[in-house]
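Engineer: Below are the chains, spelled out letter by letter.
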Amino acid sequence: MAHAQGQQHPIGIYLKIWGLLFVLSTASYLVDYFHFQGYLRWSLIVLFMLLKAGLIVAVFMHMIWERLALVYAILVPPLLLMVLLGIGTLDGDYTFLTRNVFFGATQHAPAQHAPAQHR
Amino acid sequence: MTTSGGSLPLPEGLQGFVADWSSDQRAFKGVPWGKAMMWIFLLSDTFIFSSFLIAYMWVRMSTTEPWPNPSEVFALTLWGKKIPLILIAIMTFVLISSSGTMAMAVKFGYEKNKKMTFILLLITAALGATFVGMQAFEWTKLIEEGVRPWGNPMGAAQFGAAFFMITGFHGTHVSIGVIFLIIVAIKVLRGDLDHERPGFLTGRKGNYEIVETMGLYWHFVDLVWVFIFAFFYLW
Chain F
156 MAHAQGQQHP IGIYLKIWGL LFVLSTASYL VDYFHFQGYL RWSLIVLFML
206 LKAGLIVAVF MHMIWERLAL VYAILVPPLL LMVLLGIGTL DGDYTFLTRN
256 VFFGATQHAP AQHAPAQHR
Chain W
214 MTTSGGSLPL PEGLQGFVAD WSSDQRAFKG VPWGKAMMWI FLLSDTFIFS
264 SFLIAYMWVR MSTTEPWPNP SEVFALTLWG KKIPLILIAI MTFVLISSSG
314 TMAMAVKFGY EKNKKMTFIL LLITAALGAT FVGMQAFEWT KLIEEGVRPW
364 GNPMGAAQFG AAFFMITGFH GTHVSIGVIF LIIVAIKVLR GDLDHERPGF
414 LTGRKGNYEI VETMGLYWHF VDLVWVFIFA FFYLW
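For the record, the sequence lines run as chains F and W. The working numbering applies: residue 156 is where the first sequence begins, and numbers increase by one. The working numbering applies: residue 214 is where the second sequence begins, and numbers increase by one.
Worth double-checking, as some hints may not be accurate.
Unchecked claim - Here chain F is said to cover these stretches of chain W; the calculated rule only asks that three of the stretch's residues, wherever they fall, bring their Cβ under 8 Å from a Cβ of chain F:
1. 297-303
2. 373-386
3. 428-442
To be verified - Computed from the model, here is a short list of chain F residues facing chain W with C-beta under 10 Å:
4. I172
5. T181
6. I219
No lab work stands behind these hints, which were simulated from the structure alone. Just so it is clear, the structure is predicted and the values come from calculations on it, not from any experiment. All C-beta atoms, glycine included, are put in the ideal place defined by N, C-alpha and C.
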């Protein structure tokens with residue numbers, strides 16, 4: 156037929172990835188269930204998230220079997236989002252700071268004149 | 214029948230990348246155009262969802278109010294026990310399972326196994342509909358608890374705006390996907406793809422590649438949920 160070279164792969168690989176995705180989802184749920192906190196929590200969440208996303212794109216969406224021309228066209232442009240992420244982080248932090256300074260100041264209105272021990 | 218003769222094998226790897234992109238007529242060799250276009254649409258959708266998630270990050274970082282704890286907000290009481298985030302966990306498993314059945318539907322499609330493709334597409338649609346149903350339940354529960362886009366009793370007002378916007382946009386994608394799946398399933402069952410019957414919208418000949426293109430969309434919806442689950446519900 157016209158397109159005999161479609162993406163055909165043994166069913167086993169899909170079932171294995173399916174199983175892996177279940178394991179990874181359970182793992183990320185357990186991070187919350189066991190109340191992990193701080194950097195341990197965040198690094199585990201991001202690790203499991205990236206592994207799941209990678210497996211879905213690579214196998215379910217057949218990316219590992221595609222030609223590099225398509226792979227790069229799709230996977231490289233989202234890296235630009237890192238810029239937006241960076242801007243968002245800087246500005247979010249700065250906004251938090253200014254809100255604390257100004258809204259905090261209005262709550263303690265006579266702060267300029269009040270002696271230090273009142274704080 | 215008028216293919217341009219026995220062409221040379223395409224170069225692989227990085228050399229292939231350069232050769233494909235510098236070649237004439239088409240850069241995406243051996244890929245049906247519908248699939249390439251779906252990928253480009255998904256790329257644009259990636260930017261939309263990423264913008265939502267980064268905006269959510271911004272409001273969460275910049276608010277001086279405490280952010281409601283999702284682990285508690287989305288807890289359900291089952292059999293007299295309060296289980297954190299359980300509904301979201303079940304929704305995650307439902308969506309991953311629908312991705313599994315979708316991947317297998319694509320495989321059976323290329324084998325021209327009409328019955329299995331139809332059944333698997335239908336299971337995928339059913340799981341997708343289940344997901345949307347659970348999301349409707351979750352929205353109802355939160356709205357009853359007083360969560361609104363402009364405020365909520367648990368903490369930072371931005372929580373509701375981020376929640377309704379992000380999960381609402383994702384839920385819309387799932388709903389459209391379910392409709393899309395049912396349409397493709399009917400086409401498979403009727404034999405439109407075997408007989409290359411033209412579609413009602415584009416008039417192009419039907420073939421089993423549309424099942425793969427449909428699959429890309431569906432897996433993308435699952436992919437987005439992976440990020441929402443991590444950043445909105447678990448963070």
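Engineer: All hints are to be evaluated individually against the structure, with a verdict given for each.
Structural biologist: Quick rundown of the hints versus the structure:
With a cut-off of 8 Å between beta carbons, the stretch 297-303 of chain W has 3 residues touching chain F; three or more are needed, and the interface restraint holds. Closer than 8 Å: that is the beta-carbon criterion, and the stretch 373-386 of chain W has 0 residues meeting it against chain F, so the requirement of 3 is violated. Here the stretch 428-442 of chain W counts 9 residues with a CB under 8 Å from a CB of chain F, which clears the bar of 3, and the coverage holds. For I172 of chain F, the interface hint holds, the least distance from its beta-carbon to any beta-carbon of chain W being 8 Å, beneath 10 Å.
Interface hint at T181 of chain F: satisfied, since its Cβ lies 8 Å from the closest Cβ of chain W, which is below the 10 Å cut-off. Interface hint status for I219 of chain F: violated, as the beta-carbon distance to the closest one in chain W is roughly 13 Å, over 10 Å.
Of the hints listed earlier, those the structure fails to meet are numbers 2 and 6, in rising order.
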